[in-house]
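Asker: Residue-level listing of the chains:
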Amino acid sequence: MAQLELFLQTLISGFLLGGLYALIALGMALIMGVMRVINLAHGDFMMIAMYIAYWLFTFFGIDPYVSVLIAGPALFLFGLAIQKYLLTPVMKVESILPHNQVILTVGLAMVFSNLATVLFTGNYRSTPVSYASSAWYLTDYWKNSPIELSLSMPWTISFIISVMITIGLWIFLTKTDTGKSIRATAQDLDAALLMGVNVNWVRMVTFGIGLVLVAVAGCLFLPIYYLYPALGKQFTNIGFVIAVIGGMGSTNGAVIGGLILGIFESMTATYIGMGWAPAGRFSIFVAALVFLPGGVASILKKRRLGA
Amino acid sequence: MKKFLPLIILAILCILPLIGLSSYVMHIFILVLMWSVIGMGWNILGGYTGQVSFGHAAFFGMGAYTSGLLYQHLGISAWWGLPVCVVILTVLSLIIGYICLRLRGAYFALATLALGEVCRVAAENLVGFTQGNMGIMLRERTWVDKTWYFYVILIIAAGAFFLIKQVMESKLGYYFVAIREDQDAAESLGINTTFYKTISLCLSGVLTGIAGAFYMNYMGYIDPSMVFALSEVSIATVMVVMVGGAATYWGPLVGAVIMVFLAEVIRSLPHIGAAHQTIFGIILIFIIMFLPNGIVGDYRKLLKPFKSRKGASS
Chain W
1 MAQLELFLQT LISGFLLGGL YALIALGMAL IMGVMRVINL AHGDFMMIAM
51 YIAYWLFTFF GIDPYVSVLI AGPALFLFGL AIQKYLLTPV MKVESILPHN
101 QVILTVGLAM VFSNLATVLF TGNYRSTPVS YASSAWYLTD YWKNSPIELS
151 LSMPWTISFI ISVMITIGLW IFLTKTDTGK SIRATAQDLD AALLMGVNVN
201 WVRMVTFGIG LVLVAVAGCL FLPIYYLYPA LGKQFTNIGF VIAVIGGMGS
251 TNGAVIGGLI LGIFESMTAT YIGMGWAPAG RFSIFVAALV FLPGGVASIL
301 KKRRLGA
Chain G
1 MKKFLPLIIL AILCILPLIG LSSYVMHIFI LVLMWSVIGM GWNILGGYTG
51 QVSFGHAAFF GMGAYTSGLL YQHLGISAWW GLPVCVVILT VLSLIIGYIC
101 LRLRGAYFAL ATLALGEVCR VAAENLVGFT QGNMGIMLRE RTWVDKTWYF
151 YVILIIAAGA FFLIKQVMES KLGYYFVAIR EDQDAAESLG INTTFYKTIS
201 LCLSGVLTGI AGAFYMNYMG YIDPSMVFAL SEVSIATVMV VMVGGAATYW
251 GPLVGAVIMV FLAEVIRSLP HIGAAHQTIF GIILIFIIMF LPNGIVGDYR
301 KLLKPFKSRK GASS
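Going down the list, the sequences are from chains W and G.
Letter by letter, the first sequence follows residues 1 to 307 of our numbering.
Letter by letter, the second sequence follows residues 1 to 314 of our numbering.
Hints in this document: simulated from the structure, not taken from any laboratory.
A couple of the hints might just be wrong.
List of simulated lysine to aspartate or glutamate pairs, EDC-like, C-alpha gap at most 20 Å [as the list claims (entries may be wrong)]:
#1 K175/W x D188/W
#2 K304/G x E94/W
#3 K171/G x D182/G
#4 K301/W x D177/W
#5 K301/G x E94/W
#6 K233/W x E124/G
#7 K171/G x E181/G
#8 K3/G x E264/G
#9 K146/G x D298/G
#10 K165/G x D184/G
#11 K92/W x D182/G
#12 K2/G x D298/G
#13 K143/W x E5/W
#14 K92/W x D298/G
#15 K180/W x D190/W
#16 K92/W x E181/G
#17 K84/W x E94/W
#18 K233/W x E232/G
#19 K92/W x D190/W
#20 K171/G x D145/G
#21 K2/G x E169/G
Please read these numbers as outputs of a predicted model, since none were measured by experiment.
Please model the entire structure based on the sequences and the hints provided.
Answerer: This is the structure in structure tokens:
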């Protein structure tokens, strides 16, 4: 029974983690889909958002969940500016190497993580919110439950918010004009151009939204995780691993990929060892590349579930 | 003149240690040559064949660990790592090529990025074999004097330079460039692109690995976060080539000179030293935006302002 309890507990925490991962990957998948660029500074944008939330908490006592409303728009504007002044001009530059924009994001990542170290020191920080260690227990609701499971309170709240944001994004992408042009650009750039979509504007908005998503993820991670300047790299890795598992540029795939990775990582951490979790992450990545290069999206397409 | 330029530079480098430079300056020159070897390795795959890799730390670290582990477990000189790592890295490159080279462009870049991280995590966690984060230390280094290390790396670098020149002027080199320019067109002309990309990867990996094995012998100590580092090795390699000029013979060397000297200067500045990554990041962004083909590739662009001024005065 203890074995089953452990397994279920791992599964649930993996699921909650996966929900948050999905949010990071969604932003990356959107950017990848529309611009064909892997944003290797994705995690560093998340780090910036986390620092915004952290300082808001420290100086003004604003709850990290509330600062979603501040960090999100801030990063949106930041994203517009970066797309307009850095990424778009680089597209027009003629060069031998094809991946200039990707290398540019690497440069951005270096600048951000190092500046954060210089400005805020390399110390690990966390927000001491009052509800940090509170939890819900299964036995509180079901007295005679044969197994005992617990759900950490901040994890649950974070998960619920991330689900809400994901649904919001889905509505935005399917119902609004801007959302539809984003999807059109992702599907076929030239066709979208011919249909009168302002592609440059769409690119800017997409980059902005991608950063909003990762900023929200950062704020949601803050109460349950700790914060340090070099944290970006790890989450960039997570983001692109999920984006590949899900199928490059597919938003549905990113959500499913996030859940898969969350559960997988939680399982490796419980059954093999904490240190191996990143290795597990990359082995599932390589496996996805070899056996399912189209990602989850290709399966969805085959079953006609849309991608 | 142009034909003999490599030989002239080689001759100058050969007599360099004889004029009695201090040990620190020699150290800098050794680092420059080592980075130029790594850069040349990257250049074959990234510059000529057009497969951008963000994971050359995997090859570098694997070379270094080959050398270190031979010493650690078999008790033989770490210099054996140089020849042995050629074999090991060829095998590794074949495996990686089988997995990654079917992927294109961005996928390949991601796969290599992941690869570097996998190697680091493995080296950190296989404590029984690699001693984990404790790293591997050579109990005594072969020479106290840096001169001999300089000559060893000089031979490696010169060998790499002429090898690349030979390869790029042969049929193989044209295949590489054809793949970079248009893979589908190359494929339709009957070039087995996966096969030639694998050859390119092997060459690239072996050169980088040899530099890694040399690093082990020279520094006498390695640990996973040093040799498998993402920003300090993988990204630095990309930077060396980007700054110098991708797909040029002299690019890696010029890039290595600039990057190593710059790194030393920036680190020695009292307040800015901590922000050296920021400065490198800004340099990288600047290079991509204004000199996308590097200093060697775009030197005409660099000379332009001087030339036009001359024209205006006359």
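Asker: Work down the list of hints and note, for each, if the structure agrees.
Answerer: Hints, verified against the model:
1. K175/W x D188/W: holds (19 Å)
2. K304/G x E94/W: holds (17 Å)
3. K171/G x D182/G: holds (17 Å)
4. K301/W x D177/W: violated (24 Å)
5. K301/G x E94/W: holds (13 Å)
6. K233/W x E124/G: holds (17 Å)
7. K171/G x E181/G: Holds, at about 15 Å.
8. K3/G x E264/G: violated (32 Å)
9. K146/G x D298/G: Outside the cut-off at roughly 35 Å; violated.
10. K165/G x D184/G: At roughly 26 Å apart (the allowed maximum being 20 Å), D184/G and K165/G break the hint.
11. K92/W x D182/G: Distance ~19 Å between K92/W and D182/G Cα, so the pair holds.
12. K2/G x D298/G: It holds: about 18 Å lies between the C-alpha atoms, which stays within 20 Å.
13. K143/W x E5/W: holds (16 Å)
14. K92/W x D298/G: The given pair, whose Cα atoms are some 16 Å apart, holds under the 20 Å limit.
15. K180/W x D190/W: Status holds; Cα separation ~15 Å.
16. K92/W x E181/G: holds (17 Å)
17. K84/W x E94/W: Holds - the C-alpha atoms of E94/W and K84/W are around 18 Å apart, at most 20 Å.
18. K233/W x E232/G: Distance ~13 Å between K233/W and E232/G Cα, so the pair holds.
19. K92/W x D190/W: With Cα atoms ~16 Å apart, K92/W and D190/W stay inside 20 Å; holds.
20. K171/G x D145/G: With Cα atoms ~42 Å apart, K171/G and D145/G exceed 20 Å; violated.
21. K2/G x E169/G: holds (16 Å)
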